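Peer 1: Next come the chains, spelled out residue by residue.
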Amino acid sequence: MRDVAIIGVGMIPFGRRDEDSLMDMLAYASLKALDDAGLGDKGVNAVYVGNMGAGILQHQTSIASSLVDRLSLLPAAADVVENGPASGGSAVKNGLLAVASGYYDIVLVVGGEKMREVTGWRATDFVATMAHPQVEYPYGITLPGMGGMFTRLYMEKYGVTREHLLAVSLKNQEMGALNPYAHVEMTLDREGIFDSPHAVVNNPIAADPLHLYDLCPVSDGAAALVLCPLEMAKKMAKLPVLIAGFGQATDTHTLQEREDPTELKAVTLAARQAFEMAKLKPADIDVAELHDAFTILEIANSEHVGFFKKGEGGKAALTGKTRFGGQIPINVSGGLKARGHPVGATGVAQIVDIVWQLRHELPKNRQVKNARHGLTVNFGGFGNNVTAFVLKRVEP
Amino acid sequence: MPVDMELEAVLRPTQYPMVPYPPKFITLANGKKMVIRQAVREDVPAILKSVHPCLFIERDYYDIVSARLYGELLAWYRYRVKSEYCLMGQVDGYLVGVVNGRLENEKVGMSYHTLAIDRGLRIGSHLFAAKMEYHLDYLGQEEVLIVAESPIGFRRWMIEYPLEKTTIPHELGGGDSYRLTRAIYLAAKPRLVVGDRPVPQDLLDEAEKEIKFADDDTIRERIAGLKGR
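So the protein lines, in turn, are chains H and R.
Heads up: the first sequence runs through residues 1 to 396, numbered per the numbering used here.
Heads up: the second sequence runs through residues 1 to 229, numbered per the numbering used here.
Derived by calculation from the structure, the hints in this document are not laboratory data.
One or more of the hints may lead you astray.
Unchecked claim - Quick list of in silico lysine to aspartate or glutamate cross-link-like pairs, DMTMM-like style, CA-CA up to 25 Å:
#1 R:49 to R:216
#2 R:24 to H:263
#3 R:33 to H:189
#4 R:32 to H:36
#5 R:24 to H:276
#6 R:189 to H:185
#7 R:32 to H:189
#8 R:32 to H:79
#9 R:189 to R:58
#10 R:189 to H:79
#11 R:33 to R:142
#12 H:42 to H:18
#13 H:309 to H:276
#14 H:315 to H:79
#15 R:33 to H:191
#16 R:33 to H:185
#17 H:235 to H:174
#18 R:189 to H:191
#19 R:165 to R:142
#20 R:24 to H:189
#21 H:309 to H:263
#22 R:33 to H:163
#23 H:234 to H:35
#24 R:32 to H:174
#25 R:82 to R:205
#26 R:82 to R:142
#27 R:33 to H:174
#28 R:32 to H:163
#29 R:212 to H:276
#30 R:33 to H:195
#31 H:315 to H:191
#32 H:238 to H:19
#33 R:212 to H:163
Quick caveat, the model's predicted, so the values are computed rather than measured.
Chain H extracted, bound-state conformation:
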């Protein structure tokens, strides 16, 4: 197996992009990544597109081959990777394995989703199609509903409080306000969403005990990256970032079948695999992008990947350990919470943000000093399919 590096990344601002089709967004992000890679006359061998819902939301299928044609990358191989909200992470995995195996040299991976084309109700329903078709979906469960139940259990078992959730929400919005790619570039105020009696309207319950600002927005967006063998990458213009570790695991489809629904086994396993492959430990990570579709997930993920002991993640958020400048900065991009969550794009976008961190390319107010190792966790379903990547700066 060859070592694989990321040599180019690109992203378009997430948000509501009425003016752009899904294919436009995929193309814009791809072109940015290809430009960043500076491939010159080197051709792209294959394209993997992470996308969950074009068939449902846009009534369009085979989008990878369409994108290859749009980008004039013919006859590059083209595949769509659909794996729920972990579609982006899975697409990167496919690209990684294709290059590592020696079959392809240069692979473009792009993740994208256009969710604002439909109403919020339909977008929520679309995401809920990942729930079990017999025992979950028909009873009206949605992902925020699962998040609410998970949060309640987590509160009872580990003492997580609304103060802990609030700390995550305020932190990620604060960082998102600094990120020009973020969907919600707005800081939140503790009084306005928590302390004041006016918060009952500003921040209503969405899925008890989760409130509006505990949830990520429904977004349009796309992100892309270019992979090649590390040895080839060293000859390219940009500083390569090594995919040092990768892991993926699945858990039961339904939450009810889990012995302990607060136990995110797939996160633990995926992260462990990624750390083992990278020969690194959680303490070696300088910056992380963890899947915070709900504030509770950042807390739970931070524990399950090994940054904190169970029950300590909420306290860590509250005491600033996960802030920019803290012990382990988490979601410096603003995370899904502020950057947004176009489901197929998220896993790729997390990696793009970490690549910028490891290349030391971000402005001072978001650049983690001397960042050398980064971790991403992309969480599909309700933790039933999780990808994790450990990325490593390759010193020039």
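Since the structure of chain H is provided, determine the placement of chain R on it from the hints.
Peer 2: Relative to chain H, chain R alone:
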């Protein structure tokens, strides 16, 4: 424009007496304080300057809502509508939203429009709630007839309150009216109607000193910018 007051007396509708809406303030999600207060007729030209750029925004039915609101406010300014009122939201003096309506009769209110000029802070929700508060708590009406012209409005009013469907035609045309009764209002009030009184004097002074409005491009960006806030 010359005005023939003898003829005006015929053209101008008689007005129901209306107690003033007492101003209140609300802390928004971003910590800013929004003052909600009643506009007077002389405020209309300034308000219209903020409404005007919204006429050309197709997103989320801003064009139709703004065009109608513009006409309604102008009709009020020119004394061509019976018992209309307008409430406005201001942050740091800047106009961030407008709502209006009128009294159909002493018992029934007719809700007109809600326009949020800054988005993502539930300004529309707060202003609509203030409008209902005015009809039910201050004007002492029994019900308000409401229609929505956008899916967002439908979600915010018809579903969140939730309003009662009727077959009564609404003055704005379109679909049948939905009705906010006193019972529905009182049930919804704890979770949808907020605000503190009195407004601190410095906040009120700033709001009353001048109705500030952002430039056209800023307004368009806030409402329909690429980022979709």
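Peer 1: Does each hint hold? Answer for all of them.
Peer 2: Taking the hints in turn, this is what the structure says about them:
Restraint check for residue 49 of chain R and residue 216 of chain R: the C-alpha separation of about 9 Å stays at or below 25 Å, so the hint holds. The hinted pair formed by residue 24 of chain R and residue 263 of chain H fails the criterion: a straight-line CA distance of about 47 Å is larger than 25 Å. Using a Cα cut-off of 25 Å, the hinted pair residue 33 of chain R and residue 189 of chain H holds, with the two alpha carbons roughly 11 Å apart. A distance of roughly 40 Å separates the Cα atoms of residue 32 of chain R and residue 36 of chain H; the hinted pair therefore is violated under the 25 Å criterion.
With a CA separation close to 59 Å, the supplied pair residue 24 of chain R and residue 276 of chain H exceeds the 25 Å bound. At most 25 Å may separate the alpha-carbon atoms for a hinted pair to count; residue 189 of chain R and residue 185 of chain H exceed this at roughly 30 Å. Using a Cα cut-off of 25 Å, the hinted pair residue 32 of chain R and residue 189 of chain H holds, with the two alpha carbons roughly 9 Å apart. For the given pair, residue 32 of chain R sits about 48 Å from residue 79 of chain H by alpha-carbon distance, which is inconsistent with the 25 Å threshold.
The hinted pair formed by residue 189 of chain R and residue 58 of chain R fails the criterion: a straight-line CA distance of about 32 Å is larger than 25 Å. Among the hinted pairs, residue 189 of chain R with residue 79 of chain H is inconsistent with the structure: their alpha-carbon atoms are about 52 Å apart, more than 25 Å. Restraint check: the Cα-Cα separation between residue 33 of chain R and residue 142 of chain R comes to about 30 Å, which exceeds 25 Å; the hinted pair is violated. The hinted pair formed by residue 42 of chain H and residue 18 of chain H fails the criterion: a straight-line CA distance of about 34 Å is larger than 25 Å.
Distance restraint check for residue 309 of chain H and residue 276 of chain H: the Cα-Cα separation of roughly 19 Å lies within the 25 Å cut-off, and the hinted pair is therefore satisfied. Between residue 315 of chain H and residue 79 of chain H the CA atoms are separated by roughly 42 Å; this puts the pair beyond 25 Å, and the hint is violated. As the CA atoms of residue 33 of chain R and residue 191 of chain H are separated by approximately 11 Å, the hinted pair is consistent with the 25 Å bound. Straight-line distance between C-alpha atoms of residue 33 of chain R and residue 185 of chain H comes to about 19 Å, which keeps the hinted pair within the 25 Å bound.
Between residue 235 of chain H and residue 174 of chain H, the direct Cα distance comes to roughly 38 Å. Violation of the 25 Å bound is thereby established for this hinted pair. Simply put, residue 189 of chain R and residue 191 of chain H have alpha-carbon atoms about 20 Å apart, close enough for the 25 Å limit, and the pair holds. A distance of roughly 16 Å separates the Cα atoms of residue 165 of chain R and residue 142 of chain R; the hinted pair therefore holds under the 25 Å criterion. A distance of roughly 20 Å separates the Cα atoms of residue 24 of chain R and residue 189 of chain H; the hinted pair therefore holds under the 25 Å criterion.
About 13 Å separates the Cα atoms of residue 309 of chain H and residue 263 of chain H, which keeps this hinted pair within 25 Å; it holds. Simply put, residue 33 of chain R and residue 163 of chain H have alpha-carbon atoms about 23 Å apart, close enough for the 25 Å limit, and the pair holds. Our distance criterion of 25 Å between C-alpha atoms is met by residue 234 of chain H and residue 35 of chain H, whose separation comes to about 17 Å. Between residue 32 of chain R and residue 174 of chain H the CA atoms are separated by roughly 15 Å; this keeps the pair inside 25 Å, and the hint holds.
Distance restraint check for residue 82 of chain R and residue 205 of chain R: the Cα-Cα separation of roughly 30 Å exceeds the 25 Å cut-off, and the hinted pair is therefore not satisfied. At most 25 Å may separate the alpha-carbon atoms for a hinted pair to count; residue 82 of chain R and residue 142 of chain R meet this at roughly 18 Å. Taking the CA atoms of residue 33 of chain R and residue 174 of chain H, the gap is about 19 Å. The hint holds against a cut of 25 Å. As the CA atoms of residue 32 of chain R and residue 163 of chain H are separated by approximately 21 Å, the hinted pair is consistent with the 25 Å bound.
Distance restraint check for residue 212 of chain R and residue 276 of chain H: the Cα-Cα separation of roughly 59 Å exceeds the 25 Å cut-off, and the hinted pair is therefore not satisfied. Distance restraint check for residue 33 of chain R and residue 195 of chain H: the Cα-Cα separation of roughly 14 Å lies within the 25 Å cut-off, and the hinted pair is therefore satisfied. A distance of roughly 20 Å separates the Cα atoms of residue 315 of chain H and residue 191 of chain H; the hinted pair therefore holds under the 25 Å criterion. Restraint check: the Cα-Cα separation between residue 238 of chain H and residue 19 of chain H comes to about 32 Å, which exceeds 25 Å; the hinted pair is violated.
At roughly 37 Å between alpha-carbon atoms, residue 212 of chain R and residue 163 of chain H are farther apart than 25 Å, so this suggested pair is violated.
Against the hints set out earlier in the document, violations occur for numbers 2, 4, 5, 6, 8, 9, 10, 11, 12, 14, 17, 25, 29, 32, 33.
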